[in-house]
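Residues per chain are reported as follows:
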Amino acid sequence: MTARSTGRRIRPSGGYELFMWYFMRLSGLALVFLAVGHLFIMHILNNVETINYAFVASRWTAPRTGWIWRLWDASLISLAVIHGFNGLRQVLYEYLSAGGRIVAGTVTWALTAVFIGAGGYSILMFQPDEGFIKEHPLKIERTTEISSASAPPASQPISVAR
Amino acid sequence: MPQTPRAPHAYQSGTLARIVDGLRYGGGIGQWSWLAHRLSGLGILFFLIVHITDTFFVVFAPDWYDHTVAIYGGVWFDGHYYWPLRWAFRVAELGLIASVVFHAINGVGVILYDLWPKGSLYRKPILWTVQVAFWGIMLVTTPIVLYPLRKAPDQPAASRPAPPPAGVASVVPGR
Chain G
1 MTARSTGRRI RPSGGYELFM WYFMRLSGLA LVFLAVGHLF IMHILNNVET
51 INYAFVASRW TAPRTGWIWR LWDASLISLA VIHGFNGLRQ VLYEYLSAGG
101 RIVAGTVTWA LTAVFIGAGG YSILMFQPDE GFIKEHPLKI ERTTEISSAS
151 APPASQPISV AR
Chain S
1 MPQTPRAPHA YQSGTLARIV DGLRYGGGIG QWSWLAHRLS GLGILFFLIV
51 HITDTFFVVF APDWYDHTVA IYGGVWFDGH YYWPLRWAFR VAELGLIASV
101 VFHAINGVGV ILYDLWPKGS LYRKPILWTV QVAFWGIMLV TTPIVLYPLR
151 KAPDQPAASR PAPPPAGVAS VVPGR
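Heads up: the protein sequence lines correspond to chains G and S, in order.
Residue 162 is where the first sequence ends in this note's numbering, and the numbering goes up by one at each step.
Residue 175 is where the second sequence ends in this note's numbering, and the numbering goes up by one at each step.
The following block holds chain G by itself, in its conformation from the complex (with noise of 0.2 Å):
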């Protein structure tokens, strides 16, 4: 190699910052399905005008697939939270000296763990209000023409059960 070989990046040589440098390249790999996946049902299948309680909880209480999406949703919110806070703490490290790499990093992982507290509490604690539901149906007939132009789009079983 010459010296037009750029060499690798800097890796971590051990320790929490090692690990943490595995886990964003994994967390990264996962999220690249999960993220991207999350965003094509919400912003390309659907119509994100669309989505209103009754869409939440039509997917989320599903009779089959209800689970899936809540164990969907739950796995993205952690890996997310923590990959983006720890991409935070990772640029606030660069511009910070000792005492103040102390104070992000607690500031970060304190944030982590409220952000993943409140997002796995909505996903997991969620019961349908029937009776809102009623008043606010589901949008989902009236989505764009692009899809009604294929086939109506494949609403998630309206009748809503637990």
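Treat the hints as calculated values from the structure; they're not laboratory data.
None of these values were measured; they are calculated from a predicted model.
Here a beta-carbon is modelled for each residue, glycine too, at the ideal position from N, C-alpha and C.
Any given hint could be a false lead.
If you want the footprint, here are the derived chain G segments under chain S, 3+ residues with CB under 8 Å [stated by the list, open to error]:
| # | stretch |
| --- | --- |
| 1 | 31 to 41 |
| 2 | 82 to 96 |
Not everything, but these chain S residues come out facing chain G in the computed CB check (under 10 Å) [as the list claims (entries may be wrong)]:
| # | residue |
| --- | --- |
| 3 | Val-69 |
| 4 | His-80 |
| 5 | Pro-148 |
Chain G is already provided as a structure; the job is to place chain S on it using the hints.
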């Protein structure tokens, strides 16, 4: 060219000078990919925080949730439809999609570079492949995301009654 040498110049203090210095660095596509990866990551994290917060409403305030997501469709909290609001959110949605797509593809490139033994020999081809894949995906995605903007929504979202736009028959069943 990426390897363009730049004459070293005196260090200037001040944040602005350092940012300008950083942008004049001359690292070529690698430098811009690094910057785009970092900025898209921070942008996605910001959206993620907002998104977890709004979704948290589903467990205790369904009406808050519906009012919040209705903003995506251009319906403000006062129940009125404002087309600039809807356009702004569509463009922001496109930005989010672009950020995630770029961060994902470029991230795979970073993994290849780091973990594939020959990755460092193929740094430039990897980066150009990332560009081709990203712009190819966005070329297909952009029209799909912007397509609904060509006309006002049949019924402004949030299930509030509003006069339908002229010429659009309200054919929504069950409403």
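Q | Numbers of unmet hints, in rising order | A | Hint 4 alone not satisfied by this model.
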